[in-house]
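Undergrad: When you get a sec, could you build the whole thing from the sequences and use the hints?
Same order as they appear, the protein sequences are chains A and B.
Number 825 marks the last residue of the first sequence (the working numbering); no jumps.
Number 441 marks the last residue of the second sequence (the working numbering); no jumps.
Treat the hints as calculated values from the structure; they're not laboratory data.
In this text, all values refer to a predicted model and were calculated from it rather than measured experimentally.
From the three backbone atoms N, C-alpha and C, an ideal C-beta is built for every residue, glycine too.
Just to be clear, a hint being listed does not mean it is correct.
Said to hold, decoys possible - Here's a subset of chain B near chain A, in silico, CB distances under 7 angstroms, partners left out:
1) Ala119
2) His209
3) Lys362
4) Ile419
These are the residues of each chain, in order.
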Amino acid sequence: MIRRIPPHLLAVLMLGAVSQIGQVLLLRELLMVFHGNELSIGLILAAWLAWVGTGSRLGAILVNRVNRPLFLLMLSAAGVLLTLPATILLIRGLRGFFDVLPGAYLALPDIIITCFLLMAPACLLLGAQFVLLSRVWRESDQAEDTSSAGKTYAGEAVGNMIGGILFTFLMVRYLNSFQSGVLAAVLMLAIIILMTRKLEMGVRRLSVRFCLALLGLLAFAALAFPFLEHLDERAYRIQWRYFAPQYELVETHQSKYGAISIVQREDQYSFFQSGHLIFTTAGPETVTPGLEEQEAATFAHFSMVQHEKPERILLIGGGLRGTLSEIAKHPVERIDYIELDKVLTEVARTYASPATLEALADPRVRLIHTDGRLFVKAADEKYDMIIVDAPDPATAVLNRFYTEEFFHEAEALLNPDGVFVIGATSTSDLRGSAIANRNATIYHTLGSVFSRVLPAGERFMFYFATNAPEQVSVDVPTLQERYRERNIETDGFSHHHYHTLLQESQLQRVNWIVRNHGRSPGAHLEGPEAVPLFPGTIAEQERTEKYLSPVERHYFINSDFKPIGYYYTVMFWDDRTHTGHMETFKWLLHVKSWWVLPLVCLPLLAVFGLRMTARHFGKKPDTNFAVLCTVFTTGLSTMALQIALLFSFQSIYGFVYEMVGLIVAIFMGGLALGTLITHRYVADKANLRTLAGVQLLIALVAGLVAVVLPRAAAVPSPAFVFLLFSALTFVAGLINGVDFPLAAACCMALNRRAETSAGTVYSVELFGACAGAVLASAVVAPIFGIIACCLLAGIANGTAFVVLLICRRSYA
Amino acid sequence: MPEKSKPDNGFSRREFLKAGVGGVGALCLAGVFSCTQERSGQKMLSSQTAQKGFVRPMRSPWFSQIDNARVRCELCPKRCELAEGERATCRVRVNRDGVGYTLAYGNPALIQEDPVERKPFFHVMPGSRTLSIATAGCNLECKFCETWDIALVAPEELHAYDMPPEAVVAHARATKVRSISYAFSEPVVFYEYMAAVATLAKEVGLLNLIHTAGYIQPEPLKELSGKLDAANVDLKSFDPVFYREVVGGELEPVLATLKLLRDTGVHIEITNLVIPTLNDDMGKIGQMCQWIVNELGTGVPVHFARFYPLYKLSNLPQTPVSTLDKARHIALDAGLKFVYVARVTGHEGENTFCPGCGETVIKRVGFVIDEIHLKNGKCKHCGSDIPGVWT
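TA: In structure tokens, the structure reads:
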């Protein structure tokens, strides 16, 4: 089989696979060190794209100056073999370089600097390989044009797909990060050596000593493979020593959703997912598990008494920290407990308190491993209470549990007198715009769905929402009565706790803030007004609320299609790291949609300016600019569309890792096919006119996605949703894939060499993607919405279309 | 530590207080009279709204002149030297045209009613309500700060109420609280305001309670202590390195504060926030307890508070209850008679046990008083004295 596949194709596929595996590995490792919010995910991705782009540009400069590309390829593959594990090792020890306290988050500047510094070596090598492989392929085809670059581009996309599948289904299950990285890089090196021999290009010129050295390296890597297990363990210990000295790292598990680490101190076990503290449990040996897991007990008993007679409960997340066992102490008929990550529940069983284990074995409890959104959408049973015990909405995925659409879905699943409970981190007086905006947004979003919402809390804010207003209460005697009637025995909670949870002045203040904030045009920028000295009782506040100004929906309603909740959570994280970037975040909130106009005008002005220069000097800098501008916008729109499609798929369908992976794979497949089709059928029409047509087509497809996406939410069948998204994703990938070979050919037509053109186009496209990643995920999606991401893509390519038209006119 | 030089700005503290109390008092005289009626007081204050960045710059006597342009703040051991226009590290004390001013006077960012147990004071009028006030600013920079959104910001960044000392006292009377607490941020940085409020509060029979990190110079503390009824001092660790690196101060001045409070007869309670890995070394906790026993006596209540992942340390797990239990046992073994576990609601360590008979004198759940067996500061079971402010 392999004999029939050209060796350079194998090498290209391998480059794609290694790129994908390397990217996922470094992303997972870096998230262990950074705060895993959407901004840091966007920054890591941006750093990756920017460096691969730079690598490709440098490769383009280098490739024409050497006559032994295979030698360079071997060197770069060997470099990847060394740098990938070295980078992982450095990331594990990263906190040692910073003066941060145990448990402290790294600040934004630290994140930006480190992810750009650490990713550079591996990304530069991988970027350069793209250009080198393009040349090898071209020489193998004995062609002079950029068709081989197009094939390399398509092959790499297919390789990405394969890499993603390999990682998800095999590597994450059976190998640690070092083993995955080394295995991928060793295979890459082996294939390049194989290719070198097969092609017999310059192999005789390579010294025997050099070949032996490379083979020795390969053999060493293969032999070292078992020892990488040991290295992984050591590296984790180093990482945790910096992160939480004096804590004992008990276990580390790889789950497709992120690395799970369990650390122990005394009789307490803390669970971290992707380096983020998710919960602590009282260990099996704890004498007073109720006190140790008091937060969970409070969450459970404060929530459960909000319903007079809750019988059927849906608990989404949080059960393992003690919430489940405390809920089970109420006389309920059934608890459906949803947990996304099976690895987490399996691991937690060893370190859970006896009460949690007992609850998991309780016949009334049904543990279901699935995505909460997916379950709520598909469930046909009704519940008296839906309790969401999820982490704060720091990412687009977590934000799905705080959106208007989810609240509507939950409402539909509740009995008419049912109660919905959700909570989020807070501060005692919600000072500062970040936390006030976030928590007022949750309140107003709930208020747009349920007829009554009661917020209560201090450093954690509970929201009780219902359409049966008499059901929820902040009246201490009422809640105490409900609690007493149920004869609950627990050592972490008592009826007295309701007094502490509902301390009157605190309750009145936080209610006043979340009810009043978000009702004036500049509220999202200015933060909340100060609470009056006498804010009034809750009953008074509820009575007067209807006379307040309406809520500013744009900034205070969180939805699947405008996930502003995660933006505010990122702001709050910045507030807590106290690095003083609040003004930047606020400035971004100032951004208006018309600000895109100057951005559109810039390339137009530039191309006009260059046209004038061109007439003067008799060159074609305007055309060159126009082609590269096209490439940049395509990179940007590819990423913006991908983010728009992924975010909405996760919300509308659900977050099922394999399905999300499949959507990414379909995109890459479309991209590869688009490139190949272009190569086969329109290669001879690679001119500015075709390129302009493609820009228009991409803009139209982006517009089509913008029109279809909001309607997809109304599709009831999950299978149809998947089909619809597959189709949209495929088309988006396909049309974007068409661009690369055309642009590369146009670029070459401007008196450039094949590899220089391919490398330049590839790097500019990646820079476009880098800009798209940051713009779309950190600003456009949360502030303007998912549809705006599609429109951004449309406008970008529309601009490129106009720029090309201007250039075409200049030829005439 | 450099010796404190006498302020020579020709504006004595007595004069200052007179000016502060008298001058502003004149402006608010009508308000004071009207506030003698609780209902009308409430009505007056209900219209009170806070303004963003409201400050009432007030010349402070706690600055000494270095030269024509530079001043030195003499309030806390940092003794910040400020050039013209410069602001002290606490964010509220500033040199304007060669004169030292405080920007934390009459502009509380927080004014709220709380149970006194929430401060926490466990030996002061159990079950009573207190009026807490706080302005922006703090003279320390704890990396685990729990009130960072008020303590670690400048007054210009916060909404503040226009509340001269008279208005605070009027509000306290209108809401029928038993005491005024200077807490939440660091009261040392709004010393002048606190002193003015405390003077008036004392006159009308309200108790003055302070919750502080105790990072203050002896002289201002001596002057203040005459007005104080009780102080809860955060003894954040017994490790000077921890104080230097994590708290941003020195341990020694805090210990000096505790001794001075002891000498002046102010009721003292101590809070020790136990943070995993940072200050939970049982050896150090033992040393701290021994020092308290030796220097302050066995009757000083000590609260070991549970740390929760907040602010900069949001990724550090909460303190295991067993760690707090260990600390409590060490303290009891050292001879301390009133050792509490704070912020683990329902923990046995929230109760006050009589050192004489071992019976429960006050049973608490969080800040809720469930049972109280105390009469005139004595255990109802055996008559042993329980130190505190009970009437």
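Undergrad: Against chain A, run the beta carbon of B:His209 and see if the smallest gap drops under 7 angstroms.
TA: holds, 3 angstroms
Undergrad: Does B:Ala119 hold up as a contact with chain A if the rule is Cβ-Cβ below 7 angstroms?
TA: violated, 29 angstroms
Undergrad: Going by Cβ atoms only, is B:Lys362 closer than 7 angstroms to chain A?
TA: With a minimum Cβ separation of about 5 angstroms from chain A (threshold 7 angstroms), the hint on B:Lys362 holds.
Undergrad: Was the hint right that B:Ile419 lines chain A, CB cutoff 7 angstroms?
TA: violated, 10 angstroms
When each numbered hint is compared with the structure, violations occur for hints 1 and 4.
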